[in-house]
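Protein sequence lines, in the order shown, are assigned to chains A and B.
Residue numbers for the first sequence follow the working numbering, so the first one is 4 and each next one is one higher.
Residue numbers for the second sequence follow the working numbering, so the first one is 4 and each next one is one higher.
Since the hints were made in silico from the structure, they are not lab data.
Every residue gets a Cβ at the ideal spot worked out from N, C-alpha and C, and that includes glycine.
Check the hints yourself; a few may be wrong.
[What the hints assert, rightly or not] Straight-line C-alpha distance at most 30 Å; calculated DSSO-like pairs for lysine-lysine:
(1) A/Lys-74 with A/Lys-109
(2) B/Lys-109 with A/Lys-109
(3) A/Lys-74 with B/Lys-74
(4) B/Lys-74 with B/Lys-109
[Claimed, not checked] Covered stretches of chain A (chain B as the covering partner; in silico rule of three or more C-beta atoms under 8 Å from a C-beta of chain B):
(5) 34 to 43
(6) 78 to 91
2 protein chains.
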Amino acid sequence: MHEPIAIANAYLDTWNQRVAAQRQALLAQHWSADARYVDPLMAGQGTAQIGALIAAVHERFPHFRFALLGKPDGHGDYVRLSWSLGPADGDAPIEGSDVVRLRDGKIDEVVGFIDRAPLP
Amino acid sequence: MHEPIAIANAYLDTWNQRVAAQRQALLAQHWSADARYVDPLMAGQGTAQIGALIAAVHERFPHFRFALLGKPDGHGDYVRLSWSLGPADGDAPIEGSDVVRLRDGKIDEVVGFIDRAPLP
Numbered sequence: 004m005h006e007p008i009a010i011a012n013a014y015l016d017t018w019n020q021r022v023a024a025q026r027q028a029l030l031a032q033h034w035s036a037d038a039r040y041v042d043p044l045m046a047g048q049g050t051a052q053i054g055a056l057i058a059a060v061h062e063r064f065p066h067f068r069f070a071l072l073g074k075p076d077g078h079g080d081y082v083r084l085s086w087s088l089g090p091a092d093g094d095a096p097i098e099g100s101d102v103v104r105l106r107d108g109k110i111d112e113v114v115g116f117i118d119r120a121p122l123p
Numbered sequence: 004m005h006e007p008i009a010i011a012n013a014y015l016d017t018w019n020q021r022v023a024a025q026r027q028a029l030l031a032q033h034w035s036a037d038a039r040y041v042d043p044l045m046a047g048q049g050t051a052q053i054g055a056l057i058a059a060v061h062e063r064f065p066h067f068r069f070a071l072l073g074k075p076d077g078h079g080d081y082v083r084l085s086w087s088l089g090p091a092d093g094d095a096p097i098e099g100s101d102v103v104r105l106r107d108g109k110i111d112e113v114v115g116f117i118d119r120a121p122l123p
């Protein structure tokens with residue numbers, strides 16, 4: 004589970020899970036109970052708040068999915084990964100890179116950055 | 004000082020300062036006293052240890068300098084930047100990206116990643 008690819012997949016699986024109960028199950032399995040998340044647009048602490056942030060993204064982009072871009076890497080308790088967000092069958096207009104800090108093998112803190120976004 | 008470009012410049016100035024006393028002055032000015040640094044190869048805590056890590060890089064690469072790559076960005080207390088490390092007058096063989104967390108406007112934690120390195 005400490006392999007960067009496994010962490011990246013668990014992380015993006017959580018972001019892609021649209022069923023609230025299943026999303027909370029992934030959060031409970033792969034994230035610390037008091038995990039922190041922050042990116043340029045939102046921030047939350049704890050699996051309930053983070054689940055709500057994810058739900059808000061699904062509401063805003065109902066047909067979009069997160070997909071891994073490139074190869075995650077990491078060292079020690081840190082993993083970084085890049086992702087795209089877009090329609091399942093088309094070009095993804097949004098890309099970002101996140102740095103994940105683990106604690107006891109679980110996602111404990113995420114700092115996210117946007118690499119590409121449509122002009123407003 | 005919270006501007007990403009100002010943070011990135013203060014950070015790389017510290018890395019490029021070869022005179023120990025001047026480097027410690029930059030560490031005192033721009034970094035928390037108990038700042039933490041970690042990348043795939045090294046880790047340190049506190050300005051004395053971090054100064055010693057920087058000195059070790061200068062010893063290993065006596066003619067190399069760090070240069071900013073691209074445009075630093077950030078949000079809240081976070082800044083990310085990419086850099087190259089190479090001879091002042093040639094192509095840089097090493098590139099990386101670092102995420103900096105600020106506290107009270109000073110560099111408090113750095114997590115670094117390598118983007119490009121020569122094959123061993």
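Review point. Failing hints, ascending?
Key: The structure conflicts with no hint, since it agrees with every one listed earlier.
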